[in-house]
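Colleague: So the chains spell out like this:
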Amino acid sequence: MDSIFTGLMDALVLILTLDKDLVEIVFLSLRVTVTAVAIAAMIGLPLGAWLVVNRFRFRRITISVLNALMGLPPVVVGLFVYLMLSRSGPFGVFGLLFTPTAMIIAQVIIVMPLIASISHQTIRDLWAEYHDLLISLNASRAQRIKVLLWDGRRALITAVLAGFGRAIGEVGAIMIVGGNIDHSTRVLTTSIALETSKGNFAFAMGLGLILIGLAIAVNLTIHTISKTERASTW
Amino acid sequence: MVTDQSPKSILPLVLSGVVARARKKHLLGPVDLTIGKRGVTIVMGSNGAGKTTLLRVMHGLQRIKAGSVDWAVDESVARRKQAYVFQSPIMMRRRVIDSIAFPLFLNGVAKRSAHKQAEDWAIRVGLAHVLQVWAPMISGGEKQKPALARALIYQPEILFLDEPCANLNGRSTREIEDILTKAVMAGTRIVMATHNIGQARRLANDVVFVCGGKILETTAADVFFDQPKTPEALAFINGEIVE
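As given, the protein sequences belong to chains A and B, one line each in that order. The working numbering puts the first sequence at residues 73 to 306. The working numbering puts the second sequence at residues 1176 to 1418.
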């Protein structure tokens, strides 16, 4: 209980004084996660819609695999990306290991299946509603995907926010591929892991509270901008 | 308006030996039917008789197991000149104006021009007051109107309607019938399913009577209502339950 209280006070002091290190860590966290979620959404949303409007042989298997990948263990993804980017790996020449880019790559892999899978389920319901109309009007495949994504956009925000939630709190993969290097690849979650192992429970707790606050703030902002709770039918 | 003077009319539509089934259930057929170039054809029959299936087959929404559906022109050309209004209106999650303009957007019409035409059609169908409202939020009696405007906005040569007034009261029904009558005068061919005998009498030039997935009668409207040939049709007109 004591460490929670002192953690709160520490966090408050750090925030109010705009501690330079803290601000750097927070911004890197946001930069990595927002970039990763944006890229994952650009792939995952159209993929989810594409899976809805197309009938092909391995469709059911593809969807099952995608659903299974939602629970992909981040540590394994981290290991995989590490091997890909390490000096001896196939992409070693780019020198990306232990950079924010490597962290973004790992998070895209973790988050994309989640976004694709949730959006697939959302869009499937909308497709059931729009199917006859879009067929009747001769909409092309690309047009069908575009219409479903656009008209389902409010529900799809949930998919993207779920992806954001998973990415911002993720530690296993970015620890491995980023390395938690001070002023370079240190983000909120890796700092918390570090401070905890150092025994700085109060400081770790403070960072944790900031992380939760950040997640809530981002969600609130997105919901406010998109007016999700005002027109409750969609 | 596309009229029957158009050199490349998609009509007549000829159905021959059409059979439709879904999941081993027999839905329709075999049926033979010709839809000529003019007027209003009303498809009548009780629930489950095959009215909807017949319309969907004509429009190409329902796959057929046997037979053929032939337009006067190539099918890809014909598809662009047909419109379909569904029994339960599909409310797009858009504003009414965008919902009406939707077919134009699909065809690459610029937004401003599409909106202008949508406004024009909204006035014609009596939706001017809800142009900017989200389509799913308009009142029940008005829900079929955006669907109707959306169908008419790209000036189809033939319009299919599947019981558009099924859940509507007198006034909404009359408004929709007025819109349809105007469309017919402008040259649109109409094929409409209904089991409302009053509506059929008001609108029909000829009647296709469907029962048990078969077409029992195809006759001029006045003949059908006065001297139906089959006992099923007579029973239907007299308001008895036909199964």
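Heads up, some of the hints might be wrong.
Claimed, not checked - Derived pair list, reagent style PhoX-like, types lysine-lysine, alpha-carbon separation capped at 25 Å: (1) B:K1389 to B:K1200; (2) B:K1318 to B:K1291; (3) B:K1357 to B:K1240; (4) B:K1286 to A:K218; (5) B:K1404 to A:K218; (6) B:K1291 to A:K218; (7) B:K1357 to B:K1212.
No lab work stands behind these hints: they were computed from the structure. Note that the coordinates shown come from a computational prediction; the quantities given were computed from them, not determined experimentally.
Colleague: When the hints from earlier in the document are held up against this structure, which numbers fail?
Modeller: 3 and 5
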